[in-house]
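10 protein chains.
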Amino acid sequence: MNYYFCPVIRKLIAAKEARGLSFAEIGKALGRDKVWVAALLYRQATASKEEAEKLKELLELDDECYAAIQKPSMRGAETPSIPSDPLIYRLYEIMRVYGPAIKAVVNEMFGDGIMSAIDFMIDIKKQEDPNGDRVVITFNGKYLPYKKW
Amino acid sequence: MNYYFCPVIRKLIAAKEARGLSFAEIGKALGRDKVWVAALLYRQATASKEEAEKLKELLELDDECYAAIQKPSMRGAETPSIPSDPLIYRLYEIMRVYGPAIKAVVNEMFGDGIMSAIDFMIDIKKQEDPNGDRVVITFNGKYLPYKKW
Amino acid sequence: MNYYFCPVIRKLIAAKEARGLSFAEIGKALGRDKVWVAALLYRQATASKEEAEKLKELLELDDECYAAIQKPSMRGAETPSIPSDPLIYRLYEIMRVYGPAIKAVVNEMFGDGIMSAIDFMIDIKKQEDPNGDRVVITFNGKYLPYKKW
Amino acid sequence: MNYYFCPVIRKLIAAKEARGLSFAEIGKALGRDKVWVAALLYRQATASKEEAEKLKELLELDDECYAAIQKPSMRGAETPSIPSDPLIYRLYEIMRVYGPAIKAVVNEMFGDGIMSAIDFMIDIKKQEDPNGDRVVITFNGKYLPYKKW
Amino acid sequence: MNYYFCPVIRKLIAAKEARGLSFAEIGKALGRDKVWVAALLYRQATASKEEAEKLKELLELDDECYAAIQKPSMRGAETPSIPSDPLIYRLYEIMRVYGPAIKAVVNEMFGDGIMSAIDFMIDIKKQEDPNGDRVVITFNGKYLPYKKW
Amino acid sequence: MNYYFCPVIRKLIAAKEARGLSFAEIGKALGRDKVWVAALLYRQATASKEEAEKLKELLELDDECYAAIQKPSMRGAETPSIPSDPLIYRLYEIMRVYGPAIKAVVNEMFGDGIMSAIDFMIDIKKQEDPNGDRVVITFNGKYLPYKKW
Amino acid sequence: MNYYFCPVIRKLIAAKEARGLSFAEIGKALGRDKVWVAALLYRQATASKEEAEKLKELLELDDECYAAIQKPSMRGAETPSIPSDPLIYRLYEIMRVYGPAIKAVVNEMFGDGIMSAIDFMIDIKKQEDPNGDRVVITFNGKYLPYKKW
Amino acid sequence: MNYYFCPVIRKLIAAKEARGLSFAEIGKALGRDKVWVAALLYRQATASKEEAEKLKELLELDDECYAAIQKPSMRGAETPSIPSDPLIYRLYEIMRVYGPAIKAVVNEMFGDGIMSAIDFMIDIKKQEDPNGDRVVITFNGKYLPYKKW
Amino acid sequence: MNYYFCPVIRKLIAAKEARGLSFAEIGKALGRDKVWVAALLYRQATASKEEAEKLKELLELDDECYAAIQKPSMRGAETPSIPSDPLIYRLYEIMRVYGPAIKAVVNEMFGDGIMSAIDFMIDIKKQEDPNGDRVVITFNGKYLPYKKW
Amino acid sequence: MNYYFCPVIRKLIAAKEARGLSFAEIGKALGRDKVWVAALLYRQATASKEEAEKLKELLELDDECYAAIQKPSMRGAETPSIPSDPLIYRLYEIMRVYGPAIKAVVNEMFGDGIMSAIDFMIDIKKQEDPNGDRVVITFNGKYLPYKKW
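Note that the protein sequences, when read in sequence, are chains R, X, V, Z, S, E, F, L, Y and P. Take 1 as the starting number for the first sequence in the working numbering and just add one per residue. Take 150 as the starting number for the second sequence in the working numbering and just add one per residue. Take 299 as the starting number for the third sequence in the working numbering and just add one per residue. Take 448 as the starting number for the fourth sequence in the working numbering and just add one per residue. Take 597 as the starting number for the fifth sequence in the working numbering and just add one per residue. Take 746 as the starting number for the sixth sequence in the working numbering and just add one per residue. Take 895 as the starting number for the seventh sequence in the working numbering and just add one per residue. Take 1044 as the starting number for the eighth sequence in the working numbering and just add one per residue. Take 1193 as the starting number for the ninth sequence in the working numbering and just add one per residue. Take 1342 as the starting number for the tenth sequence in the working numbering and just add one per residue.
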């Protein structure tokens, strides 16, 4: 457990841990992916009323948590601008080292536009490998071409 | 074309553009992926002597470029710590918004460790979609568990 | 004229000034809005081949400029992260002071999502007023709801 | 709901949510625009005595909140200098990417001066569109020419 | 002389020094205050055509300088965000130490608004004093009340 | 009222507000200027024992406040390095935009030295004007020439 | 004792101090090195269930501490990005001064790759010396070559 | 080869590469360690007259390089405060993650003092390992106890 | 009194003030210099057991303070990286303005090395002067030559 | 020699080195202290006409250097805000670690005021010591009490 400034995040993570449920198990109950569920508990996604009710029951949330997860949060507020944690830093390093190459290839394949981070999904898989298992993270975002006017 | 501080990068990109080759076409000639080729031209990857020779011939590189692409560069030196370009910023935003969720899920699936950004590959695909094509970026990195001692 | 690091921007602005054309006049020739034209000359938008040819003729661009304006640039690279220029700073100040209020209202009107800055247009008008004319800047961006998965 | 450092902001937002009123509904009661009302509750605008009394009654504010909304606050104190939240970041990105173009066009249309962010109004509208609704944000600020002396 | 990045500033200051004129003497010739003249030569103010012509003649400016001083510059671009020079730093220190007190007094005297830095003048005087002369800097800016809407 | 980290500042401002006294009125009672009084309450100036006693009586200060205002504080600790509040930011902007010009003029008028920010006074006046009242802020600091050795 | 933001770290260090045990003594009880134990108590390493149980008994940990040390923490969250403490700063200075030389030598000895900071161990020894004892810190990390694809 | 701002560094590295010598080979000629030699060529160490003469001959240095390597440089000037290069970043990460643990262990073993980074040596070795070779970096610095007075 | 984050510092300073003792008087009782005593109370120096006991008696310290002053603290943690307080800022300004000159002179007098800030003492004296008393601060640190290896 | 951005500094230092004179020797010729001379050559102090003429003759300065050293420079412009060079960093570290203690002692000895960094001198001496010579740096600045008004 990490120490988050926002007390709601701390309560949500503690509730999950107290029930001994994995993100995937909660996801199954909600009909959602494990990464989205983790994003929800870290207050980076928003639950519908139905999702909030299921989660309230599953994790025995209090009213503050139940209300909070239904509202858009100030996303990214708990993450430092340059992350210190090595797992998260590697994502930053990939942006720093490969960002211009990714941009150049996306521009070449799609034109002048971007991959949306809103109409967007993340998938995380384990790829077994005799030389050591591999983490496979897939970003899937809608291509948005720059509009001209 | 963007204005890079390092003159070798500018010459490499200009050489590619002068020949009118795509990253994928250069990749085919080298037997390498298009993203790796882009990383090489932006001086974020290192060519073997054979790769350098093929590239020298293909892009008519001068001696400075030919020598430079065979040496490990100071990676990330041309990218600002917080990117301003929207396409690259979205990768940063994903780290900022979803970093803690990705960390939590990777820790739950694999244990206390990280995805390597060194023993690591990037793939970029276009997924056609009637609601608008989608950019699919896959990171594939070896899982490295924290060593205890 | 300001001193930009990128020599292409300096040449493009100098070409416009040498011809004595306004952004609106260039826009008329291209069939584009004056703000988009300004964004193009400051290398924040990308011209089609046809637009580039018209512009080449109109501003007597050299080959470097002609090629450059057809390629996606590293957007935002010439703007400091916190602007010092008072005109640009006021846009920053609006984000700083009214950002949370704008977010709250957009969330209330549209749900959990954002205004796109890619599928996006800017309009600038002069509103005459006896107490002093007013600058009217309109941002028009597609609403993008957060995808769940 | 987000976690704000200032306890008065947290109480004001909680009071609005407890009553189930939208910013527009509160605005109607006060005779003010929804964006201004949101700015007021996030402590970026100042209420007159009459406005404060109406709001006190409407939202059942305590004395601390009633007094606080009548005083000029330290504006912007709760917003990070580079925002992490995607909705707010897009406003920042617009400044970063289009700032020089907006400056150039305003200078060309009005002369050497700025758009005031004090004698200033914000409007937010929903523009329905079969390809997806659009967010239309309008900034309307007095043109202030640089004084010479 | 200091080393400025912008070559036009360096030429303007060198021209003044080569003629051996003070800012006040140039100001007399232009019918402007010495501080405004200094701001003009450091590219923080904009000359009218008439002013530019007088200055061209007085300082024997080349065409680049003559054109540049008639255009709004990217103000503040040559000043670091936290100044290192002690004379300029003291202005920063005054803002840092006395900023909240100045704000509180202005709010109490005028209401919720600001002193404009655009409709604004600076005066610098020497006040002779047997204990050591004193620098007297006066800022005179229009009071701008926050508009409500 | 703003939310200050230091509880003593919050108590001092609350005490002033509870008594309904202006800075000028408190200044009259102490024989000091209104700006100095504001600086004292924001803990940027230090009271003598006599001043502290008068203030204690006038504002019914508790012992902690009474002791605190007699001790030199860590000045500037509550102000961010780049201010977000528009009123305070304008002072910063003046430093950023006009700093080099002010330096050049002071050097020309006085020689190589600075205006002290310690042997220093601030005056704030309202200048009535049919086009809108004006804020007149005067800095009066001893000229300190650089010593040679 | 230092003041850490995270209450669990403060409790863990206080528990160690209350028992009067050195890191080496705790390490002996756990079968781990003293540096790893210190990393564990500062929440930069993760204990297995067996290690956590031994530590709970040895240091009389409460349930919160017992649970916390078994979970991956947000590493580095308590350390400033540029350290102020002289002992820690010297490690930073070594990176700053000798970083490029270390990189060049590692690249020359091993090729284009890095020393892992995950599959990694630290050893600290005292080397007695008549001119003053010496601190000998050894980093031992797996060489990771950059993968090509 | 990386692009360094200082032209002397670029010439020194180019001279080494042109001769095809490793740092270890140059070290043998000078009677110095390979890491110290790399530090010298990156202008982070200072050569004696004898060392400079040997190096001049060995690498056919010009007079500027010969003079420069005998003078203390502004150390660290070419390294960013937070490194982007992954190999160098790992050293930074070790400081960030393990800094407090290293400090605590050094304090426990030696008392209140530091490891000198001046009376200091670095050794880099390759440790062969069937699971992958390991990089072993050893820092050896004099322990300096805090003086009391 | 300033507001320090660390509660132990606040208690130590409050204890000194409650007894009405100067740093010099406490220093006399401990056999230490006044500056060292101030550093100790601000948790930047470490007391021996004997010193801690004397101080405990003299200032009636509680157990937490008594234990804390015997342990190496995280030095510098309470000071911002660029100080806002004018008295402390002047020390920073001296480093900024005269740092390169001091470096050049020390290198010329001593060779390539530094003044230790660990084997180091500070003295502060008042030098009476009819033109105004002078503050005389002396740094006395061991010269440490760079070791070669 | 270090690589300074300002070409005048580079020429001044090169001129000194070409003549083989120490700062003390130049100081003797000018009747000034060696530290002041170093400050002059690094463009942090200003020469009188007489001093400039002597220096011109002594170092065979060109006209640009001769003119430049007679003008107040933008002090501190070549020094990074947090220095990387270890010798200069130690001065920064002293400010960071001992700043609050120095402030507290100066306030106790002198009252609420500062040590001037303008009416100010620096002396550097070598103190021979069998345990290693010591660097003794003395700052001597006028005490400036805060003015009340």
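Hints may contain errors.
[To be verified] The list that follows gives simulated cross-link-like pairs (lysine-lysine, DSSO-like), each with its CA atoms no further than 30 Å apart: (1) Y:LYS1318 / L:LYS1097; (2) V:LYS354 / V:LYS446; (3) L:LYS1191 / X:LYS220; (4) P:LYS1488 / P:LYS1466; (5) P:LYS1466 / E:LYS892; (6) S:LYS743 / S:LYS607; (7) V:LYS423 / V:LYS445; (8) P:LYS1488 / E:LYS816; (9) E:LYS870 / Z:LYS496; (10) V:LYS445 / R:LYS147; (11) F:LYS1041 / L:LYS1191; (12) P:LYS1488 / E:LYS871; (13) R:LYS49 / V:LYS352; (14) S:LYS607 / Z:LYS458; (15) P:LYS1390 / S:LYS607; (16) Y:LYS1318 / F:LYS1019.
[Unchecked claim] Just a sample of chain Z residues kept apart from chain X, beta carbon distances all over 10 Å, derived: (17) CYS453; (18) GLU472; (19) THR526; (20) ASP559; (21) GLU575; (22) LYS595.
[To be verified] Just some of the chain S residues that point at chain Y, by a computed CB distance under 10 Å: (23) SER680; (24) ASP681; (25) ARG692.
In case anyone wonders, no lab produced these hints; they're calculated from the structure. The beta-carbon is built from N, C-alpha and C at its ideal position, and this holds for glycine as well.
So, going through the hints one by one against the coordinates:
1. As the CA atoms of LYS1318 of chain Y and LYS1097 of chain L are separated by approximately 53 Å, the hinted pair breaks the 30 Å bound.
2. A distance of roughly 46 Å separates the Cα atoms of LYS354 of chain V and LYS446 of chain V; the hinted pair therefore is violated under the 30 Å criterion.
3. Restraint check for LYS1191 of chain L and LYS220 of chain X: the C-alpha separation of about 50 Å exceeds 30 Å, so the hint is violated.
4. Pair hint LYS1488 of chain P plus LYS1466 of chain P does not hold up; C-alpha atoms about 35 Å apart against a cutoff of 30 Å.
5. A C-alpha spacing of about 20 Å is found between LYS1466 of chain P and LYS892 of chain E, which places the hinted pair at or below 30 Å, so the restraint holds.
6. Pair hint LYS743 of chain S plus LYS607 of chain S does not hold up; C-alpha atoms about 43 Å apart against a cutoff of 30 Å.
7. A threshold of 30 Å between alpha carbons decides the hint, and for LYS423 of chain V with LYS445 of chain V the separation of about 35 Å lies outside it, so the pair is violated.
8. Between the alpha carbons of LYS1488 of chain P and LYS816 of chain E the distance comes to roughly 15 Å, so the proposed pair stays at or under 30 Å and holds.
9. About 26 Å separates the Cα atoms of LYS870 of chain E and LYS496 of chain Z, which keeps this hinted pair within 30 Å; it holds.
10. Restraint check: the Cα-Cα separation between LYS445 of chain V and LYS147 of chain R comes to about 21 Å, which is no more than 30 Å; the hinted pair holds.
11. Between the alpha carbons of LYS1041 of chain F and LYS1191 of chain L the distance comes to roughly 52 Å, so the proposed pair goes past 30 Å and is violated.
12. A C-alpha spacing of about 24 Å is found between LYS1488 of chain P and LYS871 of chain E, which places the hinted pair at or below 30 Å, so the restraint holds.
13. Proposed proximity of LYS49 of chain R and LYS352 of chain V is contradicted: the alpha carbons are some 54 Å apart, above 30 Å.
14. The suggested pairing of LYS607 of chain S with LYS458 of chain Z is violated, with an alpha-carbon distance near 57 Å, which exceeds 30 Å.
15. For the hint linking LYS1390 of chain P to LYS607 of chain S, the alpha-carbon distance of about 23 Å falls within 30 Å, and the restraint holds.
16. Between LYS1318 of chain Y and LYS1019 of chain F the alpha-carbon distance is near 45 Å, which puts this suggested pair outside the 30 Å criterion.
17. CYS453 of chain Z, annotated as away from the interface, keeps every beta carbon of chain X farther than 10 Å; the closest lies near 23 Å.
18. No Cβ of chain X approaches the Cβ of GLU472 of chain Z within 10 Å, the least distance being about 31 Å, so the stated non-interface status holds.
19. At roughly 15 Å, the least C-beta separation between THR526 of chain Z and chain X is larger than 10 Å, which holds for a residue marked as non-interface.
20. With a closest Cβ-Cβ approach of about 26 Å to chain X, ASP559 of chain Z is found to remain outside the 10 Å limit, as its non-interface label requires.
21. Against the 10 Å criterion, GLU575 of chain Z stays outside the reach of chain X, whose nearest CB is about 18 Å from its own CB.
22. Separation of LYS595 of chain Z from chain X is adequate, the least Cβ-Cβ distance of about 34 Å exceeding the 10 Å criterion.
23. Checking SER680 of chain S against chain Y by beta carbon gives a least distance of about 5 Å; that is within 10 Å, so the hint holds.
24. For ASP681 of chain S, the suggested interface contact is upheld, since its CB lies about 9 Å from the closest CB of chain Y, less than 10 Å.
25. A distance limit of 10 Å between C-beta atoms decides the matter here; for ARG692 of chain S the minimum to chain Y is near 5 Å, and the interface restraint holds.
In summary, the numbered hints that this structure violates are 1, 2, 3, 4, 6, 7, 11, 13, 14 and 16.
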